[in-house]
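Visitor: Chain by chain, the residues run as shown.
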Amino acid sequence: MSTTIAPPTLAPPELTPGTSTPAPDFVPGAPPPATLMADTWRGIAAENPVLVQMLGMCPTMAVTNVLANGIAMGVATTFVLVGSGLFVSLFRKYIAHEVRITSYILIIATFVTLADLLLAATFPEISKALGPFIPLIVANCLLLGRAEAFAAKVGPVRAVADGLGMGLGFTLSLSAMSAIRELLGRGSLLGVDILGPRFEPWVFMVLPPGGFFTLGLLLITVAWIAELKRRRRMVEAT
Amino acid sequence: MSNLAWIFVSTLVVNNFTLVMFLGLCSFFGVTAKIETAWRLGLANTFVLIITAVSAWILNTFILTHTPYLRTIAFIVVIASAVQIVEMAVKKYFPVLFRQLGIYLPLITTNCAILGLALFQTSRRYNLTEGLVFALGAGFGLTLALSLLASIRERMEVADVPVVARRMGLVLVAASCLSLAFMGFAGMGSQ
Chain X
1 MSTTIAPPTL
11 APPELTPGTS
21 TPAPDFVPGA
31 PPPATLMADT
41 WRGIAAENPV
51 LVQMLGMCPT
61 MAVTNVLANG
71 IAMGVATTFV
81 LVGSGLFVSL
91 FRKYIAHEVR
101 ITSYILIIAT
111 FVTLADLLLA
121 ATFPEISKAL
131 GPFIPLIVAN
141 CLLLGRAEAF
151 AAKVGPVRAV
161 ADGLGMGLGF
171 TLSLSAMSAI
181 RELLGRGSLL
191 GVDILGPRFE
201 PWVFMVLPPG
211 GFFTLGLLLI
221 TVAWIAELKR
231 RRRMVEAT
Chain V
1001 MSNLAWIFVS
1011 TLVVNNFTLV
1021 MFLGLCSFFG
1031 VTAKIETAWR
1041 LGLANTFVLI
1051 ITAVSAWILN
1061 TFILTHTPYL
1071 RTIAFIVVIA
1081 SAVQIVEMAV
1091 KKYFPVLFRQ
1101 LGIYLPLITT
1111 NCAILGLALF
1121 QTSRRYNLTE
1131 GLVFALGAGF
1141 GLTLALSLLA
1151 SIRERMEVAD
1161 VPVVARRMGL
1171 VLVAASCLSL
1181 AFMGFAGMGS
1191 Q
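Taken in order, these protein sequences are the chains called X and V.
Numbering of the first sequence is given in my numbering, commencing with residue 1 and proceeding in unit increments.
Numbering of the second sequence is given in my numbering, commencing with residue 1001 and proceeding in unit increments.
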């Protein structure tokens, strides 16, 4: 993430007897080739931004007290991910290595401004509820991370597929968190009363500590499922 | 004067940037494994926050009055350059400190607490003095939260916890308890 830290020294590509020279458009550190489906699916499951990579935590906690806000935040972030991925990928051969971080931030900030103005024009109430957290998408490490690690090294189609997958994974995690918090904290979903008047709302869930607590429990659940799978594999192996 | 004191106390504990407003969570979870790095990073953040408060005030007062839609872009560019300048200055004049902070110094750019400070300062229309006190309170609040979580995590290292909670899960639940404790300050009144 820094321009001053020396880029990792990349070992020259290994020359096997069959391939004497690397392909002409070879980029060091490029992700291995994959189908578009695999590029999209990776962000949703295996490399889920929130539940696995733990990136973009601030919006994950701050706006997930009601379901509508969580979905709006997810969609806005997806829009910025796809847009910035496309443009970073299109301009990847013209951006000098030394100023790349600043250039990526500028591209991201442009799309964040677009998303901010679009949301304010279409859903003014949600825009007001999210407040400064829409401009704060700029500082979401997920965006810079994907631009640097993926979009800058592949073609525009794959970059868009990856942005879409990461965005969907982000939106799904945020929706799950905000659904749990709204259901237990207010007894409703999307403002519609679900649990009836006899339900005593857990105010804790919509307050800030509830955000940390819900994500903690979700992470423990994910780790528990992984542990169960690991044990089953060990039993099958023996 | 009491207004300034209220801004300071309010940002320090009542609306603590990390535990109540959820800003700067990446470093909150990323660098709190040891107390030493935690409070050093907190102080480096405080320094950048103060520079940001001054730059944001200059931008808001003299430049952005006619082009409010450029605010996000202008803020992030100024913050990125400010962090670069701080980094170069620290490297030149305090080489020991520079080595201790390592990668965390440039990473401050993507810390949402910095951009959040500039945005909140704008939406609350603080003047220069209020902005500086706001930045100081936010910085010390950040340092406090980082040091507290780091202390808890150092103790949890030696505890015997279930295998599924051994990584981030338990840390998040601990952060939840810490945040719950800070909710107690909410009774001090809302401005």
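Calculated from the structure, these hints are not laboratory results.
One or more hints might be untrue.
[To be verified] Under 8 Å between C-beta atoms, here's a sample of chain X residues computed to sit facing chain V:
#1 M54
#2 A62
#3 A115
#4 L119
#5 P132
#6 C141
#7 F212
#8 I220
#9 E227
#10 A237
Cβ coordinates follow ideal geometry from the N, Cα and C atoms, glycine included.
Visitor: Each hint: holds or not?
Guide: Okay, the hints, checked on the actual structure:
Interface restraint check for M54/X: the shortest CB-CB distance to chain V comes to about 6 Å, inside 8 Å, so the restraint holds. Taking 8 Å as the C-beta contact cut-off toward chain V, the hint placing A62/X at the interface holds, the least distance being around 4 Å. For A115/X, the interface hint is violated, since its Cβ never comes within 8 Å of a Cβ in chain V; the closest pair sits about 10 Å apart. The criterion of a C-beta within 8 Å of any C-beta in chain V is not met by L119/X, whose closest approach is roughly 13 Å, and the hint is violated.
At a threshold of 8 Å, the smallest CB-CB gap from P132/X to chain V is about 4 Å, leaving the interface hint in force. Because the beta carbon of C141/X sits about 5 Å from the nearest beta carbon in chain V, less than 8 Å, this interface hint is met. Annotation: interface hint on F212/X holds; nearest CB of chain V at approximately 4 Å, less than 8 Å. Interface hint at I220/X: satisfied, since its Cβ lies 4 Å from the closest Cβ of chain V, which is below the 8 Å cut-off.
With its C-beta approaching chain V no nearer than about 5 Å, E227/X sits inside the 8 Å limit, and its interface hint holds. Interface restraint check: A237/X against chain V, minimum CB-CB distance 19 Å, threshold 8 Å, status violated.
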